[in-house]
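Novice: Sequence:
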Amino acid sequence: MNVHHLPMEFIIIAAGLFGAAAGSFLHVCIWRIPRETSIVTPASRTPCCDVSIRWYDNIPILSYCILLGRCRYCRSSISLRYLIYEIVTALLFAGIVYKFGISLTTLLYLIMTMNLIVASGIDWDHQYIPDFLSLPMIPAALVVAALVQWTGMFPQALVQNIRQAIVGCVVGGGIIWGIRIIGAWVFQQEAMGFGDVKLMAFMGGFLGWDETLLCIFLASLLGSCVGIGLKMAGKIDKYGRIPFGPYLCAGAYLCLLFGPEIIQWYTNPLFSP
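Just so we're aligned: 171 in this note's numbering is position 171 of the sequence shown, and the numbers increase by one with no gaps anywhere.
Treat the hints as calculated values from the structure; they're not laboratory data.
A virtual CB, placed ideally from N, CA and C, is assigned to each residue, including glycine.
Just so you know, not all the hints are guaranteed correct.
Using C-beta positions, here's what the derived DEER-type ranges look like [stated by the list, open to error]:
no.: 1; residue 1: Arg32; residue 2: Met8; range: 29 to 39 Å
no.: 2; residue 1: Val28; residue 2: Tyr128; range: 13 to 23 Å
no.: 3; residue 1: Thr267; residue 2: Val28; range: 33 to 43 Å
no.: 4; residue 1: Asp125; residue 2: Ser52; range: 45 to 55 Å
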């Protein structure tokens, strides 16, 4: 059966369902990787009473709703974050498929999206980003750019040649590195982790320099709004630190979906006669 003949609505729903399942697995990765335990074994267990979870209690989104967010065995509350990761990943997957359809570019950006989710989750929980989530992706970005340039693979990719990928890596990593140095000088303490530098270098390789600038702007805007909201709610004091990685990842995802349109929207008035 040729999937290209299926209704687009069906494909998007299928992508969302697959994304929900992926979100469940990615949450396992976010929980286990910092604890240096296998992401495959042992099987998932209830966080409250340590009972092995049956398959029918592990259906993404549905099981949480049926159980009303409570453990089947001890009736303790289960964190809402399980449901959030599944729903958010479902929506992100559906967005990529809606934008790029059934293509190699879709597969590429779904893999990138999963990477961003895990990096965001670990940075939010532990305020660090494992190197293996960012460093291997830098040469991967160059390889993808070479394939686009020389073979025509990934025709919908934002970066169309190696030069764009290299410049994107340098601009992304360089700007965050500069912010890190200036922030440390101004505040007399580390203002941003080096993991953010490597993360932005990898994302710059996939976005190109122009989308990278937009990504950093969007991340700063989102981070400022959330930071102000948390401070007003009394969740952090004036010295409180919030991880920047999740906002960089959110900015990168927005650039994947809407970057060219946003850039065209704000550059047209600047250069129109």
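Novice: For every hint, state whether the structure bears it out.
Specialist: These are the hints, each one checked on the structure:
no.: 1; hint: Arg32 with Met8: 29 to 39 Å; in the structure: holds, 36 Å
no.: 2; hint: Val28 with Tyr128: 13 to 23 Å; in the structure: holds, 19 Å
no.: 3; hint: Thr267 with Val28: 33 to 43 Å; in the structure: holds, 42 Å
no.: 4; hint: Asp125 with Ser52: 45 to 55 Å; in the structure: violated, 24 Å
The structure is inconsistent with hint 4 alone, although it conforms to all the rest.
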